[in-house]
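Counting in this note's numbering, the sequence shown tops out at residue 592, every number present.
Check before you lean on any hint, since a few could be wrong.
To be verified - Below, simulated DSSO-like cross-link-like pairs (lysine-lysine); rule was C-alpha separation at most 30 Å, straight line: (1) Lys244 - Lys344; (2) Lys556 - Lys507; (3) Lys344 - Lys507; (4) Lys344 - Lys201; (5) Lys244 - Lys201; (6) Lys454 - Lys344; (7) Lys454 - Lys117.
Note that these hints are calculated values from the structure, not bench results.
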Amino acid sequence: MYLGELIAGLNIGRPPGVAIGACDARVCDITEDSRTVQPGSLYIARRGEVSDGRDFVAAAVAAGAVAILSDDPTLDANQEHRTGAPVAMFVTDDIPLASALLGERFYGCPSSKLALIGVTGTNGKTTTTYLIHQILNSLGVRCGLIGTVLIDDGTEVAPALMTTPPALEISRTLARMLEAGCRAAVLEVSSHSLAQKRVAALEMDVGVFTNLTGDHLDYHKTMEAYADAKAMLFGMLPPKGGAAIVNVDDPAWKRMVRECRGRVVGTSVGAASSRTHAGALCSAIPTRATRFATDADLVTPWTAGGVQHLHVPMVGAHNVMNSLQAVAAVLALTDGSVAKLADFIEPGEISPTQAIAALARTSAPPGRMECLTEPGDAITVYVDYAHSDDALRTVLGLLRGAITAEAEQGEGRRRHASKSAAPEHRTPELVVVFGCGGDRDATKRPRMGKVAAELADRVYVTSDNPRTEDPMSIIHAVLAGMPSHVGEQAATDRIVVEPDREKAIYRAIGEAGDGDVVIIAGKGHEDYQIVLAPPAPAHHEREEEYRPALPKTTIRRFFDDRLVAGEALKLRGIQGRSPMVIGASNSV
């Protein structure tokens with residue numbers, strides 16, 4: 005693509021006094037990383053939190069860049085290509101938006117050629133996108149996925165580096181999906197990505213709002229700013245055909261759709277299903293719950309008011325909501341109301357019955373209420389990503405509810421009818437292992453401690469990703485939220501302090517009684533732990549005096565809650581389930 009063609013019509017101009025230069029040059033790539041510049045690249049000199057792209061303009065030119073884009077009109081405009089040809093210099097007052105628009109144009113506007121679903125919210129994004137991805141693929145609509153856990157571009161599945169990648173990477177990945185034959189794509193859309201305009205150039209067809217609770221306030225500062233960032237997704241939906249699937253059990257739903265021009269479909273679970281709102285309503289009322297699955301009665305606008313059975317192969321009401329929203333998003337995408345999709349998705353291609361049946365065959369994503377044991381095992385072990393007080397309250401509440409429901413339904417007696425059965429008189433306990441991340445929102449630490457102490461029978465407080473902080477100082481902040489007598493005497497029968505996460509997991513599983521449920525929370529699918537890097541050895545006897553002034557650095561060391569838990573289970577004679585390892589060989 006020629007440079008002039010690439011920038012035409014965009015808010016991109018010339019620094020004062022700069023000649024036209026090489027506007028007829030061919031652009032072979034766009035990058036914000038000077039290390040990846042090749043002959044023919046357009047280099048975007050973006051200012052970042054850690055480094056400033058303007059500092060690497062000379063390196064980009066030396067590597068063969070034919071054009072430079074920055075937001076600095078004073079940037080040296082006399083850079084020259086190594087062949088001696090002038091390098092085109094451009095300036096814009098909105099680098100994030102320009103980057104997103106350039107990426108879409110350069111890669112052929114892939115989002116306009118895919119059925120595009122964006123999912124936002126504090127909790128539930130990963131599970132909901134994962135379910136949508138599985139449902140569509142199982143029913144013949146090839147679908148790619150961009151999310152926190154993995155990226156599936158239609159040819160391979162690879163671990164994701166962040167929830168929502170940079171704009172250029174998103175468009176590049178969507179283009180690969182098209183080449184691989186995908187007809188749809190589903191994305192997790194974080195509040196950061198919306199605020200930073202990473203998805204601003206995409207043509208969204210369906211937006212999903214899961215919920216809104218306190219998180220990322222270290223970045224957004226206020227809940228109002230956090231909510232406003234989430235709501236941007238629904239302002240992107242087209243007036244004709246776009247659909248907003250919103251959780252109307254969360255009062256923030258009205259704020260989400262304030263600027264929405266598309267239709268609104270509400271989703272509701274449980275007693276709240278009777279509430280009214282503007283638009284259509286999908287509702288589900290749970291009818292049976294165990295620690296492994298949940299059944300519900302389902303009513304949707306696509307089932308003409310009839311009640312259908314919904315089997316959710318995961319535990320908890322929040323997964324009923326995730327499943328309900330996934331089914332609603334799939335049906336909104338394929339019911340013929342999205343005009344853009346007529347060329348590549350047949351109206352009615354997926355029926356409600358098919359979508360509901362496909363949901364029953366799905367599984368939870370890695371590290372999202374991932375069960376590591378089988379129904380006949382002596383204990384039940386889950387690993388989950390819950391790393392906020394609201395998320396922890398949700399997972400502990402649902403497991404507590406499942407334990408209670410099993411007892412009430414007699415499910416517990418049938419499930420334990422094996423040689424590893426727990427004594428009839430013993431009530432299963434709920435055990436939690438968790439910590440809080442260092443160098444992140446410290447206000448949630450005491451709140452998480454309070455939730456754990458209130459809802460679990462036994463609590464193992466440990467390290468998460470301490471980063472540059474002292475693990476014990478983080479733990480003390482967690483304990484501060486517990487009842488005063490617990491906070492001062494942490495090593496009680498109920499509250500165990502073990503800063504070594506591996507030891508904490510071994511202890512929790514080893515000390516659990518038959519029938520107990522153990523939830524290891526906070527890291528989910530992550531296969532690393534971020535800790536303070538050990539100091540380099542001193543080369544001078546006085547060097548230690550100056551060390552405190554040096555910046556602290558961190559390292560990532562391999563650590564996977566699921567693998568550690570698996571080894572701990574084997575010590576109890578429990579084989580358990582093998583965790584899903586993300587890689588190109590995985591089929592999802």
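The hints, checked one at a time:
no. : hint            : in the structure
1   : Lys244 - Lys344 : holds, 9 Å
2   : Lys556 - Lys507 : holds, 26 Å
3   : Lys344 - Lys507 : violated, 54 Å
4   : Lys344 - Lys201 : holds, 23 Å
5   : Lys244 - Lys201 : holds, 23 Å
6   : Lys454 - Lys344 : violated, 49 Å
7   : Lys454 - Lys117 : violated, 48 Å
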